[in-house]
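A.B. asks: Position chain B against the provided structure of chain A, taking the given hints into account.
Protein chains in written order, with my numbering: chain A, 87 to 504; chain B, 84 to 334.
There's no promise every hint is true.
[To be verified] Calculated pairs, DSS-like style, for lysine-lysine (alpha carbon to alpha carbon, straight line, at most 27 Å):
(1) B:Lys183 - A:Lys489
(2) A:Lys494 - B:Lys183
(3) B:Lys148 - A:Lys464
(4) A:Lys494 - A:Lys484
(5) A:Lys464 - B:Lys183
Calculated directly from the structure, the hints in this document are not laboratory data.
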Amino acid sequence: MLMETAVEKRNLLNDITTAFAERKSAVNSDQQTSFDLFLEKGLPSSKSEEYKFAPIARTLEKSIQFTTSEASASITKELSILSGLETNLIVFVNGRFSQEQSRIIDRELQLQRTGPARMKEDIDPFSLLNHSFANETVALSVEANIELAHPVVIAQYVDTTADQFSNPRWTCNIGKSSNVAIIEYVVANAGEPYFANKHASISVAENAGLEYITLQASAQEVSVNNSFIHLASSARASSFTFTVDGQFVRNNLHMIIDGQGVDGHLYGLYLLSNQTLADNHTVVDHRQPNSNSNELYKGVMRGSSKGVFNGKIYVRPDAQKTNAFQSNRNILLSDTATVNTKPQLEIWADDVKCSHGCTAGQLDEEALFYLRSRGISKDMAMGMILYAFAAETMAAIKNETVKTFVDKLISGKLQQTT
Amino acid sequence: MLSIKNLHAKIEEKQILNGINLEVKAGEVHAIMGPNGSGKSTLASVLAGREEYEVTVGEVEFQGKNLLEMEPEERAREGVFMAFQYPVEIPGVSTINFMKTAINQIRTHRGQPTLDAVSFLQVMKEKMKLVEIDQSLLNRALNEGFSGGEKKRNEIFQMAMLEPRLSILDETDSGLDIDALRIVSNGVNKLRSKNNATIVVTHYQRLLEYIVPDFVHVLYKGRIVKSGTKELALELEAKGYDWIKNELALA
Numbered sequence: 087m088l089m090e091t092a093v094e095k096r097n098l099l100n101d102i103t104t105a106f107a108e109r110k111s112a113v114n115s116d117q118q119t120s121f122d123l124f125l126e127k128g129l130p131s132s133k134s135e136e137y138k139f140a141p142i143a144r145t146l147e148k149s150i151q152f153t154t155s156e157a158s159a160s161i162t163k164e165l166s167i168l169s170g171l172e173t174n175l176i177v178f179v180n181g182r183f184s185q186e187q188s189r190i191i192d193r194e195l196q197l198q199r200t201g202p203a204r205m206k207e208d209i210d211p212f213s214l215l216n217h218s219f220a221n222e223t224v225a226l227s228v229e230a231n232i233e234l235a236h237p238v239v240i241a242q243y244v245d246t247t248a249d250q251f252s253n254p255r256w257t258c259n260i261g262k263s264s265n266v267a268i269i270e271y272v273v274a275n276a277g278e279p280y281f282a283n284k285h286a287s288i289s290v291a292e293n294a295g296l297e298y299i300t301l302q303a304s305a306q307e308v309s310v311n312n313s314f315i316h317l318a319s320s321a322r323a324s325s326f327t328f329t330v331d332g333q334f335v336r337n338n339l340h341m342i343i344d345g346q347g348v349d350g351h352l353y354g355l356y357l358l359s360n361q362t363l364a365d366n367h368t369v370v371d372h373r374q375p376n377s378n379s380n381e382l383y384k385g386v387m388r389g390s391s392k393g394v395f396n397g398k399i400y401v402r403p404d405a406q407k408t409n410a411f412q413s414n415r416n417i418l419l420s421d422t423a424t425v426n427t428k429p430q431l432e433i434w435a436d437d438v439k440c441s442h443g444c445t446a447g448q449l450d451e452e453a454l455f456y457l458r459s460r461g462i463s464k465d466m467a468m469g470m471i472l473y474a475f476a477a478e479t480m481a482a483i484k485n486e487t488v489k490t491f492v493d494k495l496i497s498g499k500l501q502q503t504t
Numbered sequence: 084m085l086s087i088k089n090l091h092a093k094i095e096e097k098q099i100l101n102g103i104n105l106e107v108k109a110g111e112v113h114a115i116m117g118p119n120g121s122g123k124s125t126l127a128s129v130l131a132g133r134e135e136y137e138v139t140v141g142e143v144e145f146q147g148k149n150l151l152e153m154e155p156e157e158r159a160r161e162g163v164f165m166a167f168q169y170p171v172e173i174p175g176v177s178t179i180n181f182m183k184t185a186i187n188q189i190r191t192h193r194g195q196p197t198l199d200a201v202s203f204l205q206v207m208k209e210k211m212k213l214v215e216i217d218q219s220l221l222n223r224a225l226n227e228g229f230s231g232g233e234k235k236r237n238e239i240f241q242m243a244m245l246e247p248r249l250s251i252l253d254e255t256d257s258g259l260d261i262d263a264l265r266i267v268s269n270g271v272n273k274l275r276s277k278n279n280a281t282i283v284v285t286h287y288q289r290l291l292e293y294i295v296p297d298f299v300h301v302l303y304k305g306r307i308v309k310s311g312t313k314e315l316a317l318e319l320e321a322k323g324y325d326w327i328k329n330e331l332a333l334a
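Excised from the complex, chain B in its bound form:
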């Protein structure tokens, strides 16, 4: 589904990604771990199409198409979804209107009929249950005055609504208490299927107890330096990132 080859990227004049290679197939969950500053969030941002990052070398193919040539909205319509580390507060834009506009733009792109108000509300109610989000929250302006946990839940709600093929969770666990973490993870797990894939970007192993990955990759200085199965995450937790750094220094 997603094929990243030799990806290099920089922001302003700072080189951050130095040759990432990654293959993600439908049905798989990949965890990207790594110390602060290793390039985890940059990778997520480049995939979502953030314009301030410049890809200098490499390619990214998504379902056979060149992802890097697409505008952010095209990526979303093709089925890429990024759950933001810091969801943006947009005063005056109602969550429901925003979601209705988004879902209908995506449906139009996919050749599906747009949803009228009634069927939209039906879909919404169903997905709300999935992520245990309250309607009163969705009646408010987008993320305005939401708590950290509410914002993250809203991200997963949007993910449920838009039914992406590839979901990228950018440090979704940051700032969540244990209850919110469980709710958010439950939502993600319920949305997993053999047709879609998930990339979980995280600093800590904790989230991976809830969202169990098929593969774990360790990112360091803009490269994947170690890949393995979920046991790798446990090993990292036990030994810390210095273990990787030392191992690399010795090599």
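So here's chain A without its partners, still in its complex pose:
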């Protein structure tokens, strides 16, 4: 006789649908469309090509409640983590923009709150989910010819005693020949895991510049981060993604090169331990000729952590004379850590220079012995080699205060030996 299983499997989509229904009065028709599309797609399973190594549904099932009670969270932690740095501060509390906590110090930085409009780029199921649940879109902008004096910090504050599920949505338009630096992070007051489902879209106009830094260092984080960077002719952009903690972090970073003479850089570093899973999916989409992109992602994995890298480069038929380079390098420090890395180049133009390379290996034992043979302890020697490996991903950060902060974050993580 067959035994019947007593445990009832949780139906995530039902939970999410119930939560959506509760917000119905606040939802516009666009959002209803997004939600219908989301339901059509469903949550990606392990069979889904894009989420093959990132079992997001299982993670959510285990630990996340999808209530959006809108209970007010109390701010018990400092939101400005970059001490000594004056910044503009845009705060989302449990996914909702907080005027009270935000602070704009550069008058050239404008902020508009608008109803959440659906964007062409809302394709990923989590983008659609974000749009369905977002309260509003926070639209930042800087007009032409402005050198924004202070970085724009976008901080998500999460208080899990209120809600575990948040959907911040923001955009930023950088005008012609202007320069802006954006730093994004989460500050969590979290006893429980939380699911931060972000969607961000940045447009960089002709000849403008963007430095975009994402810091991911929160232990209870389950997140999907959809970020889009659109670049017009002669624009310059450097993105930096640093992941040093979390339960499950998925980054979908898209760089869309829609002009000539663009210079785009994507740097990433994931230093993982314990059970952390960090999955970086990047897309560099060359749509116009004569532009350059350069991507460098590195990972160090300890414990039973998992790293995933998937780097797509599209060179469209019009994008002749493109230079596109990609490199992903990984060091595994334990037998139970894993990494899955996959470059994916799709090239339709014929006069281009593209290259990619990925490596996964252990720490260079010969280098370790060399340093030890000069009197340097094993731990310190390991630290020196790993730091040298990691440092390349932050070398290009322009703001010295931010760079020092990142440096400390990385050094601190590398000093942990488990």
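C.D. replies: Below, chain B without anything else, positioned relative to chain A:
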């Protein structure tokens, strides 16, 4: 200073050293010669503490302490230095930072105060002259993109900085042209004193024209089969290693 007794060692399942006996006193220079595969570099590696070699029998005492029980870094702090046959390139690690970390770890171990940036640079400048190494080289990442000669010079520079009691030069002459050989040898000679000892591991007699040994030992099949003074090296040069092999075959 160094006393090696009946040393046997293997790597993976291959037995390489088959009973080495060697006494090295302060102030002495010993040359270890031998054909390829005789175990010369293995001996150097075992003394420096390379973990892939396993000592199966025998003991090594260094200044009254059991050397074989020490981690590689402890050996270095106690005063053992090996100049590598193939110095490792380590991108991203600056030579100066590396040297400053090393020297201060060693000084701490020896109960000396650590060097601050200023006095470190002073010491460095002084030692740079000794081995005729250029500051621009030291400003770069450790050995990265260095020529063969530059790497070997950097080894002797490190030796000068760390002031070891026992230096082991593992085939330091390999890949050096005559000018580089002279510079490297000059450095080694200037560092010789009655308080420290040197073991020169080499295939060729050429290096011994510059670094004149007090004793020469011939290693063959993991044993020292012949010992003598510097004349032995000349005899080897003239007659070749087959001379030793034949002599052993007849015995």
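A.B. asks: All hints, please: hold or fail.
C.D. replies: Outcome of the hint check:
1. Restraint check for Lys183 (chain B) and Lys489 (chain A): satisfied, since their Cα atoms lie roughly 23 Å apart, inside the 27 Å limit.
2. The straight-line distance between the Cα atoms of Lys494 (chain A) and Lys183 (chain B) is roughly 20 Å, inside the 27 Å bound, and the hint therefore holds.
3. Restraint check for Lys148 (chain B) and Lys464 (chain A): the C-alpha separation of about 21 Å stays at or below 27 Å, so the hint holds.
4. Distance check on the hinted pair: Lys494 (chain A) and Lys484 (chain A) sit about 16 Å apart at the alpha-carbon level, within 27 Å; holds.
5. Taken as a hint, the Lys464 (chain A) and Lys183 (chain B) pair is honoured in the structure, with Cα atoms around 16 Å apart against an allowance of 27 Å.
In terms of the numbered hints stated before, the structure departs from none.
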